[in-house]
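Q: Each chain is listed here by its residues.
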Amino acid sequence: MTAVIETESLKKTYGKHEAVRGLNLCVEAGSVCAFLGQNGAGKSSTIKMLLGMIHPTSGTGRVLGHRIDKESESLLIRQNVAFVAEDKRLYDYMTVAQIVRFTKSFFPGWKRDLEQRLLAQFELPLDRKVRQLSKGMRTKLTLLLGFARGCELLILDEPTEGLDPVAIEDVLQIVVSLAAQGTTVFFSSHQIAEVEQVADHVLMIDRGQLVLDAPMDQVKEEYRHIHAVFPEPVEERDLRLPGVEKVQTEGRTVSLTASHNVDSIVAHVRMLRARSVDVLPVSLKEIFLEKVRARG
Amino acid sequence: MRMLLYKAWIETRVRFASGLIAVAIVCIFQIEQHAWLVAMWAREWADPKGYHFSWMPLGIHEYGWYLWHYLYDNYLQQVWALFAILFAFGGLIRERSGGTVLFSLGLPVSRRRWLFSRLAVALLESIALSMFAIVVVVIGSAIIHQTFSLQQMLLHTALMIAAGVFLIAFGNLCYTLFPGNYLSLVLTLVLLGAPYLWLQTYMQHMRYLGRSTWLGYFDFAHAMAGPWQLNWSSAPWLTLLLTWTLTAALLAVTVVHGDRIDY
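Residue numbers (our numbering), protein chains in the order written: chain E, 1 to 296; chain C, 1 to 263.
Hints were generated in silico from the structure; no laboratory data involved.
We treat Cβ as the ideally placed atom computed from N, Cα and C, and that holds for glycine.
Honestly, I wouldn't trust all of these hints.
[As the list claims (entries may be wrong)] Some chain E residues near chain C, calculated using beta-carbon distances under 7 angstroms: (1) Met53; (2) Leu75; (3) Arg78; (4) Gln79.
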């Protein structure tokens, strides 16, 4: 598969604060890639660097084969990337019709049918000024302006923030449908349930560094909680095996989080004479929390 | 490009309308004051104990000089300069304060194109404002039965714009450099307006007294006004060349600085 987004040792510092620390990303064409991280983890800084809005302190990156640190190539990137920013702010002095006309003038591949469908679906009044729209309506308009661009890569920063559950469902359906048509989607979100619903690849970032880069199927299949009860307390070091991400012991009870190698870990736990061993699936939310807390 | 110009126009049209009103007020006021001022100067000139300035005969007998002095060497120029600076106010830095910069930068438009489309609209609006002044003067002068050289008026307008591009470029650089939204506007107006007005007043006074000073090299307002009788040979070419060179330098600094800004 071809990579549409690639970064190599990407770094961004603001004064003494390191927002992004040597990030190595790879997003493959046609994927729906979720970009997870806490507030301030470096997600928005990374996205802004990909689009030439901020300049990397060091490191390199390419989007659709174009270098992100060159203004001329950054322009080529933005011709083929639809970006929806986190704050969803638009020119509030324009009407809905004006801003649609304004935005479409920059994109030759503008999807007029999708524009019309979303205008109707989101019930956006064409003659109303952006400043008179509710937050939810403004978010829908911003998403419309992103989706209808007909670009091969869609970068969404917290796309569903401020939307009601029905609208969230609609937006996720559109994302899935665009992905089915071949659009690569790279989106950041705090809504992990949404991520599990639509993403096929997960990138997790914490304090500017990548802590997870895996296909969603692999995450769902290979991450497991292993609960074991032993006749006598065991040493934590005895459970430090390849694939064990986290070990918690409470007396004779041990709780392990494994990212892979589950069968061998279970066999090892049984070998240590565990009385009972339970293997349970792990949700993405739990993985996220563990990744973040493990580094805390 | 057309839509960028359209956007810049929507953002500045209220300022432009305000500029038209201000220009109309200044021109109408000066035309309306003409008869009264001329009568006063004539009285002073006739009175041996009255004020006697060298320009008074011109002011009394030449309506063209009157228009040049009060409009192009003073009030119209000041109002025009103020609005030229205001028209240039805005751009990506201001959009950052308003929160729309990420939407703008998400479009396939280079930062330079954003800058120059806004400057182009500012320049076009400034030109339109000065043309509107001519229309007001033509109509107003016809009403008070005064005649003047339209060619001279067009030449002074051209000179005002040609030199005034420096103000647009300087103002835009200030907006790019200074922090805050309206704070940068105030700082720009103070930084540009205060020395401009002070020097204009001071140098006019010195000229009335027939003295010259090195400060004259910085009298930008006089450069914008030019001499009363403006023609190819009396045009301040050297000043214009210097102004355009400085304007190009300011634009280059704005572009380089603008390319480096993180949004």
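Q: With reference to the structure, classify each hint as holding or not holding.
A: Hints, verified against the model:
no. : hint  : result
1   : Met53 : holds (5 angstroms)
2   : Leu75 : holds (5 angstroms)
3   : Arg78 : holds (4 angstroms)
4   : Gln79 : holds (4 angstroms)
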